[in-house]
Amino acid sequence: MPNLVTIHPTNDHALTIQLGDAINPITHQKILSLFQYLQQHPFAGLIDIIPAYNTLTVVYDPITIKNFTGKSQTAAHWVETHIKSILPNIGEQAAAAARQLKVPVCYHPSLAPDIEALAQQHNLTIREVIHLHTTTTYNVYMLGFLPGFPYMASVHERLATPRKPSPRKNVPAGSVGIAGNQTGIYPFASPGGWQLIGQTPLTIFDATKKQPAFFQPGDSVQFYAITIDEFHQTRQP
Amino acid sequence: MSIHIIKAGLADAFYDNGRYGYQHLGVNPGGTMDVAALQTANALVWNPPNEAVLEMHFPAATIHFNQPALIALTGADFTATINQQPIPINTPIAVSEGVELKCTKPLSGARTYLSVSGGFALTPWLNSCSTNLVCQAGGFNGRTLQTGDVVNFKSPINLSPILTQKPFRILPFRASVHQLHHYQNIHILPGNHYHFLTQQSQQNLLSQTFTIAANSNRMGYRLHGTQLSLQHPTNIISSAVTKGTIQLLPSGQLIILMADHQTTGGYPVVGHVPSAFVDALAQCRPTQTIQFALTDFASAEAALTSRHLHLLQLQNACTFRIKPFLTNANGRS
Chain A
3 MPNLVTIHPT NDHALTIQLG DAINPITHQK ILSLFQYLQQ HPFAGLIDII
53 PAYNTLTVVY DPITIKNFTG KSQTAAHWVE THIKSILPNI GEQAAAAARQ
103 LKVPVCYHPS LAPDIEALAQ QHNLTIREVI HLHTTTTYNV YMLGFLPGFP
153 YMASVHERLA TPRKPSPRKN VPAGSVGIAG NQTGIYPFAS PGGWQLIGQT
203 PLTIFDATKK QPAFFQPGDS VQFYAITIDE FHQTRQP
Chain B
116 MSIHIIKAGL ADAFYDNGRY GYQHLGVNPG GTMDVAALQT ANALVWNPPN
166 EAVLEMHFPA ATIHFNQPAL IALTGADFTA TINQQPIPIN TPIAVSEGVE
216 LKCTKPLSGA RTYLSVSGGF ALTPWLNSCS TNLVCQAGGF NGRTLQTGDV
266 VNFKSPINLS PILTQKPFRI LPFRASVHQL HHYQNIHILP GNHYHFLTQQ
316 SQQNLLSQTF TIAANSNRMG YRLHGTQLSL QHPTNIISSA VTKGTIQLLP
366 SGQLIILMAD HQTTGGYPVV GHVPSAFVDA LAQCRPTQTI QFALTDFASA
416 EAALTSRHLH LLQLQNACTF RIKPFLTNAN GRS
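Read top to bottom, the protein sequences are chains A and B.
Numbered continuously in my numbering, the first sequence closes out at residue 239.
Numbered continuously in my numbering, the second sequence closes out at residue 448.
No wet-lab data here; the hints were simulated from the structure.
Positions of the beta carbon are idealized from the N, C-alpha and C atoms, including for glycine.
A portion of the hints provided could be inaccurate.
What the hints assert, rightly or not - Reference excerpt, derived from the structure (chain A facing chain B, CB under 8 Å, subset only): (1) 43; (2) 44; (3) 46; (4) 64; (5) 66; (6) 74; (7) 76; (8) 190; (9) 193; (10) 204; (11) 207.
To be verified - List of simulated lysine to aspartate or glutamate pairs, DMTMM-like, C-alpha gap at most 25 Å: (12) A:166 <-> A:231; (13) A:86 <-> B:411; (14) A:73 <-> B:264; (15) A:166 <-> A:116; (16) A:104 <-> A:130; (17) A:171 <-> A:221; (18) A:104 <-> A:208; (19) A:171 <-> A:130; (20) A:68 <-> B:192.
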């Protein structure tokens, strides 16, 4: 683990471990190592582990922990001490190999309301936007905002675009967007401010499945372009 | 073995203690807004503490009982009636087939909870019966109740020895809950970005009152009050948030994340409302004002432990009081 580890409470039932203050794949690999270590070696009272860009948050039940720490220390202090004691084990352990996912995206303007303006803004043709978006391999840094919503980075610098000044009221499920240097996919129809440059026919979150989320933190993702006909053929009901 | 929704309320849905173990996939825990009220409702009808209950806002559903049931209402007091007769909250009530439960007027609190002995027959999703409206899963078909819905009970109950042909009977005991809700000041723990606030804003956060805005809901409470500001513009990398996390919005106003919060957020986190105080907050209504007071981890955990012990005592006391009624009724022991 690097020296820049800071630990801070996130309320009376969660603790956040922060590694440095930048977004990069090396830091994220360490976050994932710690995530996987805690999945394999959970402590009593651990109820959720949430990896993000440069943080990992452990959610715990203070009552369970107080049951074995007694009055001598707070549950927050016990969890912090425990996390500090396992950090030295993490450095050696590489995160499990990432899953390589290929995701079809239709960039047809009828499904990509912002692609033309985005291309113009960066002096690119739509073809170039598609080329730049599909030739980069992205890392899924975290899932959040909506169930199964993958925050992926980093898009090519020529595609990086701020969110729309005012969010749309209704973004269709499957929409692929750009926000800053991130790209993401809306699993559900929702209000949203990302620049929409395409749509995938895949179901990104399926509550009927045992593993409902298509993505998980740490996935390696590449997009490939499909035509509007292919989009309608592969679209899952 | 069912209830029939004669008239749906504003947002009636089933929740238990929440769905844990899936936040890394962006699936939030959800669960009842008021956890103490959930556990009280269950204790009163001899259920396990985490059995799913019906959370109702005002106007609440009008409910017809197709079969006898042992029920309790906890949390908000909406002046409930059975067949037009007023009934108390925090008290177990045996109801016979054919009665109608109605909430007539919001007296105090924001959410009422209906439990039935034995529980409602719901399909769990990802280990929880809490309704997730975004995923349309959990609870009753993943949605709020609609007029005409019929929700089954898990098991029948024979209450004829208790009811003796009356339409309903209020059992002779009441849960004491005043210690469970700390209404005066909402205690807060400093958040990771508390010290990013200007001195004046730190002071205002703790000395001013904040009004709960009309567009507050199960996702979050938006507050209206003095605008708070950061010492420097800060770019924050998104990370996990919790129920009770207080974020500073770009407008300078605050939002407190509640049960249906997103799992991650990128706004400055100025504080957190600890678990034991979220219940009180969950019963605050829009236009009500709240004031924050700074606390520390030892006190926050002590408040949670004391809530836990109070609820354990309540469960034991209810079991002791209710057993004689129910062992006669259905042979449970």
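Each hint, compared with the structure:
1. 43: Check failed: Cβ of residue 43 (chain A) comes no nearer than 16 Å to chain B, outside 8 Å.
2. 44: Check failed: Cβ of residue 44 (chain A) comes no nearer than 10 Å to chain B, outside 8 Å.
3. 46: violated, 14 Å
4. 64: At about 5 Å, which falls below the 8 Å cut-off, the nearest Cβ of chain B leaves the hint on residue 64 (chain A) intact, so it holds.
5. 66: Interface hint status for residue 66 (chain A): violated (10 Å vs cutoff 8 Å).
6. 74: violated, 11 Å
7. 76: holds, 5 Å
8. 190: With a closest approach of 6 Å, the residue 190 (chain A) hint holds.
9. 193: violated, 12 Å
10. 204: Cβ of residue 204 (chain A) sits 16 Å from chain B, so the hint is violated.
11. 207: Holds. Min distance 7 Å.
12. A:166 <-> A:231: Violated, at about 29 Å.
13. A:86 <-> B:411: With Cα atoms ~21 Å apart, residue 86 (chain A) and residue 411 (chain B) stay inside 25 Å; holds.
14. A:73 <-> B:264: Violated, at about 49 Å.
15. A:166 <-> A:116: Holds, at about 9 Å.
16. A:104 <-> A:130: holds, 19 Å
17. A:171 <-> A:221: Roughly 29 Å separates the two Cα atoms, so the pair is violated.
18. A:104 <-> A:208: Measuring from Cα to Cα gives roughly 18 Å; hence the hint holds.
19. A:171 <-> A:130: Status violated; Cα separation ~29 Å.
20. A:68 <-> B:192: violated, 33 Å
Hint compliance for this structure: hints 1, 2, 3, 5, 6, 9, 10, 12, 14, 17, 19 and 20 are not met, and every other hint is.
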